[in-house]
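A.B. asks: Residue-level listing of the chains:
2 protein chains.
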Amino acid sequence: MSMNSGSQHPATIVIVGGVAGGASCAARMRRLHEDAQIIMFERGEHISFASCGISYYLSGEIQERRKLLIQTPERFNARFNVDVRIKSEVIAIHRATKSVEVLDHKTGQQYRQHYDKLVLSPGAAPVRPPLPGIDGERVFFLRSIEDADRIKAYVQDAYPRSAVVVGGGFIGLEMAEGLRNLGLDVTLVEMAGQVMLQLDEELAEFVHQHMKLKGMKLLLGRRVEGFGDAPDGRLAVTLQGGQELICDMAVCAIGVKPEAALAREAGLELGPHGAVIVNRQLQTSDPDIYAIGDVTETHDLIAGVMRHMPLAGIANKQGRLAADHIAGRQIAFDGALGTSIVRIFDLVVAGTGANEKTLRGSNVAHEKSYTHPASHAGYFPGAVPMVMKLLFSPDDGRILGAQIVGVDGVDKRIDVLATATYAGLTVHDLPKLELAYAPQFGSAKDAVNIAGYVADNVVEGDVELFHADELPALIDNDTFLLDVRTAGEFDRGHINGAANIPIDNLRDRWQEIPTGKLLLVYCLTGIRSYLACRILRQKGFRTRNMSGGYVIYCAMNPLECPEIPGLRRWQRLLALETFCSTPEERKTLRRTDE
Amino acid sequence: MSMNSGSQHPATIVIVGGVAGGASCAARMRRLHEDAQIIMFERGEHISFASCGISYYLSGEIQERRKLLIQTPERFNARFNVDVRIKSEVIAIHRATKSVEVLDHKTGQQYRQHYDKLVLSPGAAPVRPPLPGIDGERVFFLRSIEDADRIKAYVQDAYPRSAVVVGGGFIGLEMAEGLRNLGLDVTLVEMAGQVMLQLDEELAEFVHQHMKLKGMKLLLGRRVEGFGDAPDGRLAVTLQGGQELICDMAVCAIGVKPEAALAREAGLELGPHGAVIVNRQLQTSDPDIYAIGDVTETHDLIAGVMRHMPLAGIANKQGRLAADHIAGRQIAFDGALGTSIVRIFDLVVAGTGANEKTLRGSNVAHEKSYTHPASHAGYFPGAVPMVMKLLFSPDDGRILGAQIVGVDGVDKRIDVLATATYAGLTVHDLPKLELAYAPQFGSAKDAVNIAGYVADNVVEGDVELFHADELPALIDNDTFLLDVRTAGEFDRGHINGAANIPIDNLRDRWQEIPTGKLLLVYCLTGIRSYLACRILRQKGFRTRNMSGGYVIYCAMNPLECPEIPGLRRWQRLLALETFCSTPEERKTLRRTDE
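Chain order of the listed sequences is U and Z.
Heads up: the first sequence is residues 33 to 626, going by this note's numbering.
Heads up: the second sequence is residues 33 to 626, going by this note's numbering.
Some hints here could point you the wrong way.
Given that identical chains are not distinguished, each listed pair holds provided it fits within a single copy or across any two copies.
The list that follows gives simulated cross-link-like pairs (lysine-lysine, DSS-like), each with its CA atoms no further than 30 Å apart [claimed, not checked]: (1) Lys-477 - Lys-99; (2) Lys-184 - Lys-477; (3) Lys-477 - Lys-464; (4) Lys-464 - Lys-99; (5) Lys-389 - Lys-464.
Treat the hints as calculated values from the structure; they're not laboratory data.
The task is simple: from the sequences and hints, build the whole structure.
C.D. replies: Laid out in structure tokens, this is it:
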């Protein structure tokens, strides 16, 4: 059945789930089809609420609860003539009769509702492993506004002084920050060796160190086995191996899983991650049933695999597209890059496209480069560095992904790179991008241009890179490790076995370097060592530049270098700019710090 | 002569001008060619200084003069082995002998310097029309750090209380803001009917009103005819028609013109704007002489015409490319979009690609749409609206240009749109862009996605637009002007002759609308009227939606609507977020304001 706009055959479209994708779908459907009957079922009390704002409501950064309620059923109905039924749970799909079974939680009654087209947008639910004590009243989960109300009430009434957050994904980090900002001692426990699995390990290390600087405890590679009462009546969180963390409350944010039970029971096809499989028209294995948002799995445009990407942006896009297709239009949702961002205290962490782990796992040929550009022109107040990791094809330079950690301007650069990746641009294009420059906003060579120059030099063969994690395999009698930073920098910390010739002395002292060896050159960030490689190569040496410099070396070797150079300085810089009221104060502070 | 990297034939490269493009060229040249002799002549005292920061140094936003001096000749030489000669003016090019005539201002001596390749990067100089009194000591120009020193000294020593700024381009606006922030009464005089000719008129109106809100006087369409002494000894600025502005100082920022005298005298080809013509390899009409940066004219990638684009980003890119070509590499500089940005008090104004004036002048078919998205999710504190104007091809939807006015997030959106324009994307692509969403940074449907949806609806024919400036020609007996805002909004101001049916009542009251007429529908921003058009079209009406709504109507009709709706509110919102320390204060202020 095709329903063109203005069609004289009103049809019934039933949408399951009234948040993000569901609400987008309903509104678009109405604009395309004024005469359709549109019914939107929502199990909870609220439609179109700001689920990405819940943790900020909890921490008080968003003060008013009503701010999270973007639409009420009444206003949505007045505007879009959509029959919104809240507290109404769809408990079964009868595909043969094209109807759904609805449980009205207000009355306890069940009824059937016919559909011509059904759109599933139930979202994803927090993972809730069957651990002892996980249902205890001091163990919290966060999905709905009511969950936030419960945690808020507990924090206000029970005066907890310490919390354990289980899980280092987006929600876990936001919760940890929120509770820390409320004054609690917070310990974050993460099963993997790093937080934020979207990031590669060395970038995650920036987050680890920043969290520690902010006074949080971080237990990585540790698994929680249960929750119980400590002898003093407080909450005991038991880790694998028996260690107990005694605290006043725990929040579990172990991950989310697609709410696919309804689809599974209706016999719709699910993928290996337990998410609903849809075609490029967002149809499930039953062409009259669409699925959108967090309940589905998404084609990873870079790695070429199916992944579960629970992101609001994707859900919203899909909601609109599903409506378009139901209205008889041609659509194709080809997949996603999975662009994401999160703020953790002062740090902003963002990524787009594939990370290195994924590329390695998918056998996609890739090279990487690291840069440390400033958020805007260094001569204008407030400029702070960031770390960019760019992944690209070593053959044609196509951009495969990017990750950025910084405090300012991160969102802008990841959006530019997401756009470039979407457009299929290569690293050769990045230097050509004309990005807006005034000293408050960028540099004449913007951070993205610089990343492009660096990667372009690699693809063009102007410089050969090596990476800090390859160093153990590279060091032997045929290599010579050269640090071209100043003597002062070298003395404050360097890689074991390196010789030091500062870049500005290199043209006078290059004869000190043994000939016939492969030179492994590094500096703090990779800029000076790049110039050194160029100089030495033209003197006849074989050279390789350590991408990202000593900063990335330290991030890759946290045991050897407990502090990433510069990270504490970023934090200070930020604090200075933000909290010191007078320029004099700032100057004084800066002086004592340096 | 080709000089491949590592070549054994050292050559002499002479660069004229040590700022932006020149310094970039020298550094890149050295990296590619360790053995070349590189000589960089700079007429002034400083190389590689932050010319885009001078007006902020003047206003005190950049406090330390040394911050502007990004490189010293000594450090540049130590790092790049470049023979930097400051206070050395190249006064002639002898193409026949491949040499330049240099005047050493330190000694007064002249000498010749041979070159194999010559790179001209002299920049552009302020336009200095031959007006009576323009050389007076209270009339200032701003190009160099020394100019800023002079103005700074005058402000500190002579306690001027009022200033006239002549010219409403980037520098004029920055100067006006800087002097205003120093406490002066500032009047800005601009010959054209608008400031910032990069912008289309209606977008410039946001800047006009914001400047007035900030207490500045603005005289548009007025020409300055001379400067003289007022009877009380102050400075009199005479306007065409005889009006005199009495003030304590004047700053002329009438524009810049390419410093092309040297090239012209050497017989190199100049374009109609008096700028040096270069080919895609950045060579002038003499293939051994390159020209880069503000002295050249640039191919406008969208309009297909040659324009003078004095932008630091372009100069830097060209500097590097010229070095690449001299080193024997293949390069092609195809042209530029001219992305630019400026902050004026709280407003940020940015553009990329062509504006409507240029497209009209170049006979490029174009359509436009206006949107008013929020800087980030409305439920997170600090969200402020912006105005986006998108220009695109009505045929294939290709993006031709964009302009944005707002207070936050403007730089990010213009950079995304600049990247999309560079990549040749269409409005159909914009909704698909996956831009990073967390509530501090954006929305699940980002501002750029929304602009894409709106333009896509136009190209797809889902809605037909009209523009506020077409209204006089459209209104007749066959049209019906419909305002779908609330009764309260309507009462506070509406377009003459409009009927009012609020959107949420439209499904009950559409029968009130006369049939057979073309409906011209508007609301505040264009969203509600779009839905109204969809509803009414499906009821059988012919409809057109006023793009950008009443906000843009007011910006296009400043005489009829002296205040753009919302602009004062932006300003308040911003002041509230920035200056009020407690949430209670903010709430109080907000309440009294609404």
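A.B. asks: Each hint: holds or not?
C.D. replies: We went through each hint and held it up to the structure:
| no. | hint | in the structure |
| --- | --- | --- |
| 1 | Lys-477 - Lys-99 | between (39 Å within a copy, 18 Å between copies) |
| 2 | Lys-184 - Lys-477 | between (46 Å within a copy, 29 Å between copies) |
| 3 | Lys-477 - Lys-464 | both (10 Å within a copy, 27 Å between copies) |
| 4 | Lys-464 - Lys-99 | between (41 Å within a copy, 27 Å between copies) |
| 5 | Lys-389 - Lys-464 | both (29 Å within a copy, 25 Å between copies) |
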